[in-house]
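Chains as they are written, first to last, in our numbering: chain A, 1 to 184; chain B, 1 to 184.
These are calculated hints, taken from the structure and not from any lab test.
Be careful, since some hints might not be right.
[To be verified] Derived lysine-lysine pairs resembling DSS-like cross-links, with alpha carbons at most 25 Å apart:
1. 98/B with 73/B
2. 139/B with 149/A
3. 149/B with 139/A
4. 184/A with 139/B
5. 139/A with 70/B
6. 149/A with 70/A
7. 184/B with 139/A
2 protein chains.
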Amino acid sequence: MKQISLADLRPLPLGQVYRLIEPGPVVLVTTALHGRPNAMAMSWHTMMEFEPPLVGCVISGRNATFEVLKTTKECVIAIPTVEIAEKVVRCGNTSGRKVDKLARFRLTPLAASRVKAPLVAECYANLECRLVDARMAEKYNFFVLRVLKAWIDPSRKRARTIHHMGRGVFMVAGRTIRLPSRMK
Amino acid sequence: MKQISLADLRPLPLGQVYRLIEPGPVVLVTTALHGRPNAMAMSWHTMMEFEPPLVGCVISGRNATFEVLKTTKECVIAIPTVEIAEKVVRCGNTSGRKVDKLARFRLTPLAASRVKAPLVAECYANLECRLVDARMAEKYNFFVLRVLKAWIDPSRKRARTIHHMGRGVFMVAGRTIRLPSRMK
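Taking the hints into account, I'd like the entire structure generated from these sequences.
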């Protein structure tokens with residue numbers, strides 16, 4: 001895979017973000033605390049509003065990210081494809097409390113434009129997010145994020161996202177069909 | 001498609017429900033008010049807890065289901081596959097305020113065991129749900145549902161769910177891969 005820099009990415013209009021999140025891909029969530037980056041794998045997320053895009057997500061209190069997100073109020077949702085599925089799973093299997101997972105699994109952090117958390121160069125899309133509602137964090141580990149800026153890699157023609165089905169089984173995005181939907 | 005009855009379905013252990021919701025399929029949400037069933041298409045949902053399974057979902061106040069769910073505190077999440085994708089989209093395109101959508105689109109309601117909302121016979125899986133938290137309904141149209149009972153059609157060997165990508169484009173679930181995940 002060629003080395004990607006921010007100049008290779010294209011800003012995605014915020015009103016299009018739902019098209020990335022709605023199909024339910026496994027994502028990476030990156031954070032940064034005192035300059036130290038971290039990344040976790042996440043599948044429990046949903047769109048909550050089209051524009052400005054809101055994403056709701058569940059991040060367990062057992063994850064290092066839980067406290068860092070509450071403290072910094074910033075993260076990046078990075079959307080990987082099947083080419084790096086193994087790195088994503090290894091991020092999910094490892095705690096970031098002692099390990100720089102991005103470095104260990106050779107994922108390249110890129111400076112984001114609006115938050116201190118890094119983009120992940122190898123990911124198809126990256127969403128810079130601000131925490132806007134943590135009222136359900138104590139009871140449900142549920143956070144509401146607002147997407148401030150979205151990036152997409154225009155060199156990827158067919159982004160085969162991965163979708164977790166439990167017990168180490170992942171569905172890979174298949175063919176697309178077009179139906180006369182009046183849904184947005 | 002052969003006619004399915006409740007006897008053809010198998011109860012799914014509640015701890016397995018996340019394996020259906022987590023990959024992000026388009027689902028139907030059925031309700032019943034005064035014996036009158038309704039169904040809507042929904043893509044904005046997330047798992048929130050493994051067991052008892054909690055599902056968070058966004059249902060717009062523009063949908064008839066919003067008020068009915070708040071009133072009856074019950075619904076069924078029915079998970080369709082690509083074979084009935086066109087019916088699902090037609091449910092999404094039509095308001096249930098004046099039309100019995102299940103009848104119009106030839107979807108078969110089956111009596112559920114724990115709620116008055118119907119199961120959908122043609123769907124691969126059906127989750128009987130109770131509304132347990134509507135505190136975020138006003139601000140975000142967000143509801144927390146508890147799955148009381150889950151049914152799966154054991155005759156389906158390969159359930160090709162559909163995943164909304166916006167503008168009438170749907171991704172059909174592709175191949176599965178296995179990776180050594182420690183995620184549940």
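Outcome of the hint check:
1. 98/B with 73/B: 21 Å, holds
2. 139/B with 149/A: 23 Å, holds
3. 149/B with 139/A: Roughly 23 Å between the alpha carbons, so the hint for residue 149/B and residue 139/A holds.
4. 184/A with 139/B: Distance ~21 Å between residue 184/A and residue 139/B Cα, so the pair holds.
5. 139/A with 70/B: The given pair, whose Cα atoms are some 21 Å apart, holds under the 25 Å limit.
6. 149/A with 70/A: Answer holds: residue 149/A to residue 70/A is near 20 Å, not above 25 Å.
7. 184/B with 139/A: Measuring from Cα to Cα gives roughly 21 Å; hence the hint holds.
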